[in-house]
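Hey, can you piece these two chains together into the complex? The hints should help.
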Amino acid sequence: KQEVTQIPAALSVPEGENLVLNCSFTDSAIYNLQWFRQDPGKGLTSLLLIQSSQREQTSGRLNASLDKSSGRSTLYIAASQPGDSATYLCAAQLTGAGSYQLTFGKGTKLSVIP
Amino acid sequence: SAVISQKPSRDICQRGTSLTIQCQVDSQVTMMFWYRQQPGQSLTLIATANQGSEATYESGFVIDKFPISRPNLTFSTLTVSNMSPEDSSIYLCSVEGRGRYNEQFFGPGTRLTVL
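Taken in sequence, the protein lines are chains D and S. For the first sequence, position 39 (counting from the first letter as 1) is numbered 67 according to our numbering, and the numbering increases by one without interruption. For the second sequence, position 86 (counting from the first letter as 1) is numbered 94 according to our numbering, and the numbering increases by one without interruption.
If you're looking for bench data, these hints aren't it; they were derived computationally from the structure. All C-beta atoms in this analysis are idealised placements derived from N, C-alpha and C, irrespective of residue type, glycine included. Check before you lean on any hint, since a few could be wrong.
So the derived list for chain D, only partly shown, Cβ under 7 Å to chain S, looks like this [to be verified]: (1) K70; (2) G71; (3) L72; (4) S74; (5) L77; (6) Y128; (7) Q129; (8) F132; (9) K134.
Isolated chain S (complex conformation) (with noise of 0.2 Å):
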């Protein structure tokens, strides 16, 4: 398995402002993750971050809004910029382990609340 801290864990933000959440883990891995939890809902996946190399960005999701970085193989970061009450979710990252079927680990989420 692999150890996933995030950062900050929870945050109140006014709409309009950006925040960059970070995510650290303790091995060194190709794959990261992050994804969304709206209230109510399931988890969607926002992008997939490689090592050196531009972010994945699935549909409904666009990099001026969740801009990423990926700078080394154990840390990446996920900003939400110009954020509005509706990007109010739980916001984790995830990770592949080193066995042989792709099970992901994941943070503790960053709990996010626009007003």
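Pulled out of the complex, with its shape left as it was, chain D reads as follows (with noise of 0.2 Å):
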């Protein structure tokens, strides 16, 4: 049975600071690696996607990263910003057949002080 842990549960940092979040997996065998932030009492929004042959994704202050050898993923935020504080979720979907089932993290909730 897949399990995701993401350490640390809660990280605070001062604005502009880069930070890495880190995700780990126990089945190599996945999919894909999703990332997602969560604001207070709302949905998820995807983030990042890597695909399994991939070893990183970019988009504007967010680089995403995958090793499966390893089972680890890690999300790296540029120049902080207090807009981006929320909780980050990864999520790990297996591969085989009907294997849609997101395995979520429990999350690192992010505060970016000013």
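Spelled out as structure tokens, the structure:
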């Protein structure tokens, strides 16, 4: 059974700092890994998706990497801003027919202090 | 991407009653998914809903408690039946995008509180 872990559970940084969020998964047979952002009491916004054959994806100030062999993904946020404050979730999707289920970590709650 | 709306956005219900949550997508999709996020926890898949067939439920979730309808390719409902305080959660629907890599997009969620 796939398990996804995110460390740290919470992170507080001053504005402008670069930061890294970590995600680990137990089953390396993943089809893709997605990073989401969740604002308090809201739904999820898809940030980046890394397909299993890719090593990284970039979108603006965000860069996500994937290392299947070590079961790890990282989300790098450059020049953090107060608007980046939210909970960041990673989710792994397994390969195989009908494997549409995403297995989520519990998230990292990020606070960017002005 | 897909634009997904849910109704209601939040509700407070009494124990023993039922609530039906609606999910509307702005384009036709094959697969729709219902997730639950209990307080302080991550998201857990309840069921997968394909149009024209019975929903497929994950371990720990049963049709009598969470009946799902999928009448067409843009709409689905999830009913939370005979509610108890343990059902207090955020319920989210999601769909698969049209890209190659099964990217999923989520609705804004329905925040349910059961008293």
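Right, here's what the structure says about each hint:
no. : hint : verdict
1   : K70  : holds, 6 Å
2   : G71  : holds, 4 Å
3   : L72  : holds, 4 Å
4   : S74  : holds, 6 Å
5   : L77  : holds, 5 Å
6   : Y128 : holds, 6 Å
7   : Q129 : holds, 5 Å
8   : F132 : holds, 4 Å
9   : K134 : holds, 5 Å
Every hint, counting from the list given before, is met by this structure.
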